[in-house]
Amino acid sequence: MVIECKHVWEHISEYLDGTLSPDVLDQVQKHLEHCEICSAILDSTRNILILTADERVFELPLGFSERLHARLEAEMRNIARE
Amino acid sequence: MTGVSEGRDEAQIIASILAGNTHEFHDLIRPYERSVYIMALSLLHNEADAEDAAQEAFLKAFRNLAHFRGEAKFSTWLISITLNEARSRLRSGKTMKMESLDEPPEGQDRVTPALLRDWREIPSEALERQEVRSLLQQAVTDLPLIYREVFLLRDVEELSVNESADALGITVASVKVRLHRARIMLQKKLVPQLKLVNPKRRWFPWS
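Which chain is which? The protein sequence lines are P and D, in order.
Residue numbers for the first sequence follow the working numbering, so the first one is 1 and each next one is one higher.
Residue numbers for the second sequence follow the working numbering, so the first one is 1 and each next one is one higher.
Hints in this document: simulated from the structure, not taken from any laboratory.
All residues carry an ideal CB built from backbone N, CA and C; glycine is no exception.
Hints may contain errors.
Facing chain D, a subset of chain P residues (Cβ under 10 Å, in silico) [stated by the list, open to error]:
hint: 1; residue: H11
hint: 2; residue: S21
hint: 3; residue: P22
hint: 4; residue: L25
hint: 5; residue: D54
hint: 6; residue: F64
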C-alpha cells in the first residue's frame, strides 16, 4: 500500500522512537526510499532532537548545587532540633 | 536522566535515610538536580523562581520521604513534586509571567512540519555557539505548556513514555500525541532558523 506524505508525517515521532508496528513501519520506509521531502523532514527532526538533548542547551545556573545542598543542610539541622 | 545504578540501589539509600542517616539524601538527589531545575524552569520561565521552586521541591521530597512507597521510581515521584510546586506557584501568581495550565484551543489537531528537500546535519559542536543554544532554548520555551512538559521529560530528560505519563498524571496515549506535536512544532520552527545558521559558517571547524 502506498501512503501519502501527510500520513508519513503523522508517524515521524513513533518512527524515531522505534515503536511503529511492522506493517506501518514497512509502509513508511518504502515511502522514505523515494520521497526526499519526507526523508529531509525526518533527518531534520532527528537532528533537532539530538541537539536539544545535549546538556549544553539547558544548564544549571552557576552555584545551583552548592546553594541547594546548603539549604538542605539547614533544613536537616532544623528538623534534628525539633 | 541517570539514576543511582551502581552500588546500593535507591531503595536501600532511602531506607537508610529514613533510619536516620539523613545526610545520604544529598547523594540520593544529586543525579536529579538538573531535571528538577529544568522542569521548574519550563513552567516558571525565570531562573530565580525556578531555582527557588526546585529547592522547595527537594525539601518537600525530604520531608515526605516516608510517604514514598516505591511504586513509582524515585525520579518520577520527585518530578511530580516539582511540577506540583511549580504549578501551585503559577496559580498563586507568585511569578511574573502567567500561563494557562489548560489545553491550548482546538484547531491544532494537525501540526505540519517545515517542508524541505535536503537537510545538512548540524553537528553537536555547533552548540559551542551561544547563538545556536539560544535558538534551541527559545524554541522549546515557546512551546505551549502541555507540549513543553512532555518534550522536556521525554526528549531532554530521557524518561520513558510510561515514566513521563506517571510524572504528569496523564495517559500514555496523551504522552505520545503531545510528544509528536511538540517534536513537529520544534522542527517547523527550528528548520528555517538552523538552515540560516549552518551554511554561512561552513568554514568553521565543526562543518
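Hint by hint, here is what the structure shows:
1. H11: 9 Å, holds
2. S21: This interface hint is violated because 13 Å lies over the 10 Å limit.
3. P22: 18 Å, violated
4. L25: Violated. Min distance 16 Å.
5. D54: With a minimum Cβ separation of about 5 Å from chain D (threshold 10 Å), the hint on D54 of chain P holds.
6. F64: 6 Å, holds
Hint compliance for this structure: hints 2, 3 and 4 are broken, all remaining hints hold.
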